[in-house]
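Asks: Position chain B against the provided structure of chain A, taking the given hints into account.
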Amino acid sequence: MSPVRPFRCFDSRAIVAALGVAAWLIASAWLSHLLAPDSTARVLLALGQAGALAALVFVPLRRSITRLDELGRHIHYQALAVTAALLVTAITAWAFLERAGLPHIDWSIYAAPAFTVAWAIGVVLIARRYE
Amino acid sequence: MKNSVRGLRAAKNWSQGDLAEKLGVSRQTVNAIETEKYDPSLPLALKIARLFSLRVEEIFGSTEVRAPKGRGQ
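Residue numbers (my numbering), protein chains in the order written: chain A, 1 to 131; chain B, 132 to 204.
Careful: at least some of the hints might be erroneous.
Calculated pairs, SDA-like style, for lysine to any residue (alpha carbon to alpha carbon, straight line, at most 25 Å) [unchecked claim]:
no.: 1; chain 1: B; residue 1: Lys-133; chain 2: A; residue 2: Ile-126
no.: 2; chain 1: B; residue 1: Lys-153; chain 2: B; residue 2: Leu-175
no.: 3; chain 1: B; residue 1: Lys-178; chain 2: A; residue 2: Leu-68
no.: 4; chain 1: B; residue 1: Lys-133; chain 2: A; residue 2: Glu-131
no.: 5; chain 1: B; residue 1: Lys-153; chain 2: A; residue 2: Glu-131
no.: 6; chain 1: B; residue 1: Lys-153; chain 2: B; residue 2: Ala-142
no.: 7; chain 1: B; residue 1: Lys-133; chain 2: B; residue 2: Leu-154
no.: 8; chain 1: B; residue 1: Lys-178; chain 2: A; residue 2: Thr-66
no.: 9; chain 1: B; residue 1: Lys-168; chain 2: A; residue 2: Ile-126
no.: 10; chain 1: B; residue 1: Lys-168; chain 2: A; residue 2: Ala-120
no.: 11; chain 1: B; residue 1: Lys-153; chain 2: A; residue 2: Arg-73
no.: 12; chain 1: B; residue 1: Lys-178; chain 2: B; residue 2: Met-132
no.: 13; chain 1: B; residue 1: Lys-178; chain 2: A; residue 2: Gln-78
no.: 14; chain 1: B; residue 1: Lys-168; chain 2: A; residue 2: Glu-70
no.: 15; chain 1: B; residue 1: Lys-133; chain 2: A; residue 2: Leu-125
no.: 16; chain 1: B; residue 1: Lys-153; chain 2: A; residue 2: Arg-67
no.: 17; chain 1: B; residue 1: Lys-153; chain 2: A; residue 2: Phe-10
no.: 18; chain 1: B; residue 1: Lys-133; chain 2: A; residue 2: Gln-78
no.: 19; chain 1: B; residue 1: Lys-133; chain 2: A; residue 2: His-74
no.: 20; chain 1: B; residue 1: Lys-153; chain 2: A; residue 2: Cys-9
no.: 21; chain 1: B; residue 1: Lys-178; chain 2: A; residue 2: Glu-70
no.: 22; chain 1: B; residue 1: Lys-168; chain 2: A; residue 2: His-74
no.: 23; chain 1: B; residue 1: Lys-168; chain 2: A; residue 2: Thr-66
Please keep in mind that the hints were generated in silico from the structure rather than gathered at the bench.
Next comes chain A alone, as it looks inside the complex (with noise of 0.2 Å):
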């Protein structure tokens, strides 16, 4: 029996892209409370995170994803399916406990952190099913 290894399409690259990005979300997130609210920098640099994290989405993690045979990459889009909807339903969710009085989740600093665990726990439960 041989293990599935399916994130070894995650080479350097791939991780030096992603903790830029998470460097450069704490970054500017602790930036944009010396700015003025409702300023054009404050626009700016919510713009800018908005930006680094779709190109880390769709370009590092897609590249590493298509580089991988037909397994791997039917096991990736699995569990980033099934992550994508618990995520959806997780957040709407909470949005409904919140108008009855839970706290506040501030899901710009939880959603991607949370996927990303998610996402890499659904990849080893679902390559399990193919060792």
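Replies: Here is chain B on its own, set in the frame of chain A:
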């Protein structure tokens, strides 16, 4: 789906790694196909069929191991 990839590979004395290299996939993919945990895409199934000189339906959907054409069996 039942398939006879393992038997066909064994008949050629190829390892899973050898077959994976010829097909351009990982050894894990070959293992998953042989253990019938993963059904290959149509392009990969066609590639497997061409490699063993058989039709797709002679390899997939059956447990019977058939020798490639021209091998005298």
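Asks: With reference to the structure, classify each hint as holding or not holding.
Replies: How the hints compare with the structure:
no. : hint                  : verdict
1   : B:Lys-133 x A:Ile-126 : holds, 21 Å
2   : B:Lys-153 x B:Leu-175 : holds, 11 Å
3   : B:Lys-178 x A:Leu-68  : holds, 17 Å
4   : B:Lys-133 x A:Glu-131 : holds, 17 Å
5   : B:Lys-153 x A:Glu-131 : holds, 21 Å
6   : B:Lys-153 x B:Ala-142 : holds, 16 Å
7   : B:Lys-133 x B:Leu-154 : holds, 19 Å
8   : B:Lys-178 x A:Thr-66  : holds, 19 Å
9   : B:Lys-168 x A:Ile-126 : holds, 12 Å
10  : B:Lys-168 x A:Ala-120 : holds, 21 Å
11  : B:Lys-153 x A:Arg-73  : holds, 19 Å
12  : B:Lys-178 x B:Met-132 : holds, 17 Å
13  : B:Lys-178 x A:Gln-78  : holds, 24 Å
14  : B:Lys-168 x A:Glu-70  : holds, 14 Å
15  : B:Lys-133 x A:Leu-125 : holds, 24 Å
16  : B:Lys-153 x A:Arg-67  : holds, 17 Å
17  : B:Lys-153 x A:Phe-10  : holds, 24 Å
18  : B:Lys-133 x A:Gln-78  : holds, 23 Å
19  : B:Lys-133 x A:His-74  : holds, 20 Å
20  : B:Lys-153 x A:Cys-9   : holds, 20 Å
21  : B:Lys-178 x A:Glu-70  : holds, 13 Å
22  : B:Lys-168 x A:His-74  : holds, 13 Å
23  : B:Lys-168 x A:Thr-66  : holds, 22 Å
Comparing the model with each numbered hint stated earlier shows that all of them hold.
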